[in-house]
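Build the full structure now, drawing on both the sequences and the hints.
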Amino acid sequence: NAGVTQTPKFQVLKTGQSMTLQCAQDMNHEYMSWYRQDPGMGLRLIHYSVGAGITDQGEVPNGYNVSRSTTEDFPLRLLSAAPSQTSVYFCASSETLPGLNEKLFFGSGTQLSVL
Amino acid sequence: SQQGEEDPQALSIQEGENATMNCSYKTSINNLQWYRQNSGRGLVHLILIRSNEREKHSGRLRVTLDTSKKSSSLLITASRAADTASYFCATDSNAGKSTFGDGTTLTVKP
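These protein sequence lines map, in sequence, to chains A and B.
The first sequence begins at 300 in our numbering and counts up one residue at a time.
The second sequence begins at 93 in our numbering and counts up one residue at a time.
Hints are all accurate, no fakes.
Computed cross-link-like contacts, SDA-like style, restricted to lysine to any residue with a CA-CA straight-line distance of at most 25 Å:
{"id": "1", "chain 1": "A", "residue 1": "K402", "chain 2": "B", "residue 2": "T197"}
{"id": "2", "chain 1": "A", "residue 1": "K402", "chain 2": "B", "residue 2": "R152"}
{"id": "3", "chain 1": "B", "residue 1": "K189", "chain 2": "A", "residue 2": "A323"}
{"id": "4", "chain 1": "A", "residue 1": "K308", "chain 2": "A", "residue 2": "P338"}
{"id": "5", "chain 1": "B", "residue 1": "K161", "chain 2": "A", "residue 2": "N400"}
{"id": "6", "chain 1": "B", "residue 1": "K162", "chain 2": "A", "residue 2": "R343"}
{"id": "7", "chain 1": "A", "residue 1": "K308", "chain 2": "B", "residue 2": "H137"}
{"id": "8", "chain 1": "B", "residue 1": "K189", "chain 2": "A", "residue 2": "T304"}
{"id": "9", "chain 1": "B", "residue 1": "K161", "chain 2": "A", "residue 2": "G398"}
{"id": "10", "chain 1": "B", "residue 1": "K189", "chain 2": "A", "residue 2": "M326"}
{"id": "11", "chain 1": "B", "residue 1": "K189", "chain 2": "A", "residue 2": "S407"}
{"id": "12", "chain 1": "B", "residue 1": "K148", "chain 2": "A", "residue 2": "T395"}
{"id": "13", "chain 1": "B", "residue 1": "K148", "chain 2": "A", "residue 2": "E394"}
{"id": "14", "chain 1": "B", "residue 1": "K201", "chain 2": "A", "residue 2": "M340"}
{"id": "15", "chain 1": "B", "residue 1": "K148", "chain 2": "A", "residue 2": "N400"}
{"id": "16", "chain 1": "A", "residue 1": "K402", "chain 2": "B", "residue 2": "T156"}
{"id": "17", "chain 1": "A", "residue 1": "K402", "chain 2": "B", "residue 2": "K148"}
{"id": "18", "chain 1": "B", "residue 1": "K189", "chain 2": "A", "residue 2": "N400"}
{"id": "19", "chain 1": "A", "residue 1": "K402", "chain 2": "B", "residue 2": "N130"}
Which stretches of chain B does chain A cover? Using the computed rule of at least three CB atoms under 8 Å from a CB of chain A, they are:
{"id": "20", "region": "119-130"}
{"id": "21", "region": "133-145"}
{"id": "22", "region": "173-185"}
{"id": "23", "region": "190-196"}
Because the hints were derived from the structure by calculation, they are not lab data.
Even for Gly, the Cβ is constructed at its ideal location relative to N, Cα and C.
The structure is reproduced here in structure tokens:
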């Protein structure tokens, strides 16, 4: 199994551009989430989904959109990129809610720079 | 704000020594998990401890949880150079959100 796959690994954008970060998992997990990690810091939750068709906001949702049309995919869209969105983005999944004693599986990350 | 806060921020030890890092949190939790991150990589799950557990072991890892003090500790015994990484605690509630601390960066010198 591939686990959680994120693409692209690196991306450079200009301010105002839009793009979509892709995330796919092949473990039939119901729960998926997006985090951003700034240098020297922990992960902050952007958006999460508890199943296909259901999404909710995390700690830092502004400037990002998500959708969950299938169990496998959970893309993250940057509507109009800003330098403050320069960060490393991680997608994670788990079988059910982490609060139900489920561990998260992480992708390898997307390093995004906004100039 | 972050739910979990680890200390110390950085820890440097010699191979063979034990490494202890701590995590404090603010609100009630269902469980607490520890993750490891090697430089430039994603996080990897190490161990989960439920709110009704006080101590858990996994190989060279020992985790304790004190819900009255809202704190947890991760002990790595007989550390190896390969243990060099950042370690994060994550707290989980029923709300579907895992909240991470800022991590402890561990350097194990050979």
